[in-house]
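Given these sequences and hints, build the entire structure.
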Amino acid sequence: MSAVATHAPAAADDAAPAPGRALLEMTDVSLEFRTRSGTVRALQHVSLSVRRGEIVGLVGESGSGKSVLCYALLGLSDRAARITSGRIDYDGIDLRAASERELQDLRGREIGMVFQNPRAALNPIRTIGRQLEDVLRRHGAVRRADLRERAIEALREVAIADPQRRHRAYPFELSGGMCQRVMIALALCGAPRLLIADEPTTGLDVTTQAAVLALVRERVRASRVATLLITHDLALAADFCDRIVVMHAGHVVETAPTGALFGAPRHPYTQALIASTPAGRDALEELRPIAGGLPDLRREDLPACRFLERCPRALPACRDALAHVAPGAAHAVACNNPLGAP
Amino acid sequence: MSGEPSPDVGVAAEAAARGPGAALPREVLLEAIGLSRRFAIGSGRRAPQLHAVDDVSLRLHRGESVGLVGESGCGKSTLARLLARLIDPTEGAIVFEGRDVGAIRARDFAVSGQRARIQLVFQDATDSLDPRQTAFEAIAEPAVRMRLPGDVAARVRRVADEVGLPSELLGRYPHQLSGGQRARVGIARALCPEPALLVLDEPTAALDVSVQAVVLQLLARLRRERGLTYLFVSHDLNVVRLLCDRVLVMYLGRLVEEGPARAVFDAPAHPYTAALLSAIPGGGRAPEVLPGEVRSPIDPDPSACRFHGRCPAGEAACGRTLPQLEATRAGLPGRRVACLKPRV
Chain G
1 MSAVATHAPA
11 AADDAAPAPG
21 RALLEMTDVS
31 LEFRTRSGTV
41 RALQHVSLSV
51 RRGEIVGLVG
61 ESGSGKSVLC
71 YALLGLSDRA
81 ARITSGRIDY
91 DGIDLRAASE
101 RELQDLRGRE
111 IGMVFQNPRA
121 ALNPIRTIGR
131 QLEDVLRRHG
141 AVRRADLRER
151 AIEALREVAI
161 ADPQRRHRAY
171 PFELSGGMCQ
181 RVMIALALCG
191 APRLLIADEP
201 TTGLDVTTQA
211 AVLALVRERV
221 RASRVATLLI
231 THDLALAADF
241 CDRIVVMHAG
251 HVVETAPTGA
261 LFGAPRHPYT
271 QALIASTPAG
281 RDALEELRPI
291 AGGLPDLRRE
301 DLPACRFLER
311 CPRALPACRD
321 ALAHVAPGAA
331 HAVACNNPLG
341 AP
Chain B
1 MSGEPSPDVG
11 VAAEAAARGP
21 GAALPREVLL
31 EAIGLSRRFA
41 IGSGRRAPQL
51 HAVDDVSLRL
61 HRGESVGLVG
71 ESGCGKSTLA
81 RLLARLIDPT
91 EGAIVFEGRD
101 VGAIRARDFA
111 VSGQRARIQL
121 VFQDATDSLD
131 PRQTAFEAIA
141 EPAVRMRLPG
151 DVAARVRRVA
161 DEVGLPSELL
171 GRYPHQLSGG
181 QRARVGIARA
191 LCPEPALLVL
201 DEPTAALDVS
211 VQAVVLQLLA
221 RLRRERGLTY
231 LFVSHDLNVV
241 RLLCDRVLVM
251 YLGRLVEEGP
261 ARAVFDAPAH
271 PYTAALLSAI
281 PGGGRAPEVL
291 PGEVRSPIDP
301 DPSACRFHGR
311 CPAGEAACGR
321 TLPQLEATRA
331 GLPGRRVACL
341 KPRV
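Protein sequence lines correspond, in order, to chains G and B.
When you line the first sequence up against the working numbering, it's residues 1 to 342, in that order.
When you line the second sequence up against the working numbering, it's residues 1 to 344, in that order.
Hints listed in this document are in silico derivations from the structure and should not be mistaken for laboratory results.
A quick note: this is a predicted structure, and the numbers were derived from the prediction, not measured.
Computed footprint of chain G on chain B; a stretch qualifies when at least three of its residues, placed anywhere within it, have a C-beta under 8 Å from a C-beta of chain G: (1) 68-79; (2) 202-213; (3) 233-242.
Partial list, derived from the structure: chain B residues whose beta carbon lies under 8 Å from chain G: (4) 217; (5) 275; (6) 279; (7) 282; (8) 287; (9) 290; (10) 294.
Built from N, CA and C at the ideal position, the CB exists for glycine as well.
Now the structure itself:
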């Protein structure tokens, strides 16, 4: 019915990674924000893992907790945020127990980040060439004399025209799309082991997006970087990711290999998201908007399943209990009445 | 300079191809002839010129929905702003409802009676709405400013109802509305003066897919019911394919291809269009990565194809000739392409 559903997942051109040990593993993480208007239960019992060389897509509507999750695992959460339960493991290190110093060191050395708002994330009073050279120097693998050359090369790789000239430019002199690509170059040039990219190609042209994602994938595969890609673009996730994690209102509702998720979604929310995506449709009438909106996460009476009020398959039991079908398996779903049940 | 209006290739055939029962958009609502907009970089008579829009001729027929696509920086927003009469062209004419509105300065157009006839819907209603105005005030403002006849409140309520904005939300400020509701306010505001042409600049880019679907279907319904004409500027080709009858493809200030959306998507004639389409995510195709770099829009070589150097099909002749928009080799209905080596 939809092209999203039928075409092969990402890795037709390059071998899917051999299943390895998880580099990043979040288990049962809950997080809340204490605000004056009440406690926002932003994440509840969230589990997620990313293996080396694997690209995991994190999808869901805005407000579903995707960004909160990645800030939490980086230890960059807002002051009002409190992780109330769960474990975040990075390569055997318990990140929740790590000191700010250890976290800082880890973020600098091993984790590459691409933030949503690149203009705000770049240093406004340093040329982009300098910023790239800072990272390259810090990582120590580049000879001082080669720094400039390598920085220019990094700009060229992310399809920035005239990299020699841009090397001397300040962020305000570049377009939003260019800043975005500079962010990606910065994240990659530190040779990270874990790459976290929050909507890295939003606002880029499709042609640039394709070029940048091809580069990211090539690097990820070659250096076996564990990658977490946060996106609201399902078609992009279908093209690019090995595995998809679907979030709704602070819950992980479904986790599956890309092909299985689009071919046979089990959670009604996943199915609804796919049905509202224009990719592969023949007519506007085929689009199925999702009823309602995300529930207010400050509510005291949030049902056990937070999709309940929007769900066409809801059962009376959904208010008080939420069944986790096959947790830990390749295709897991949190639903009392999943699709495709025997 | 291609000053004379271009022959309207096979509009009838195009309409016929759309099948019986489909509206026949024959009457030309807006025509642009040899439209250019250049921006001087620096000052002085010899200052380099950025050719944002270069010699563009096009027609919009009453009742049709036309998509304008291309990469950022290709001039599509400048073209949209020229056609919406927000900025003045350097050269060329814009004929709208039989009047040469291109000759009216944008400043004067803003207070002319015709301002009401061309309205805009902006990308992100969060940014384009005044945070100090309620939804009601935002929707009413254009009508008040233009001193349109009749009861403004009744007008606002009618149009709010049309876009599916419940009347109890009219007293709210933008931050008290959801993204989808703000988008509806933006659309209602544009519809309030009863325009014939709506220029939509990425109206759903800031929305979630779940909400985008609703807004797209709303736009399609409004066009049907009101007989509106849309110029839909977007870089989301999946959306253009679903919403538009016809598509215009721009590259570095020039139109490089036009034609019925379905036909162009199925078999693009211009190599650039083909590359653009191959890069759409979810298409199940490997994207065609273009070699080389985008040429500079500043004082471009007047006798070379703008796509030369990046074009996978290019040859030496492309560096010596600037191709004009012409019927395709096979004479496909409604289609024109500016390429020496078109694919169809």
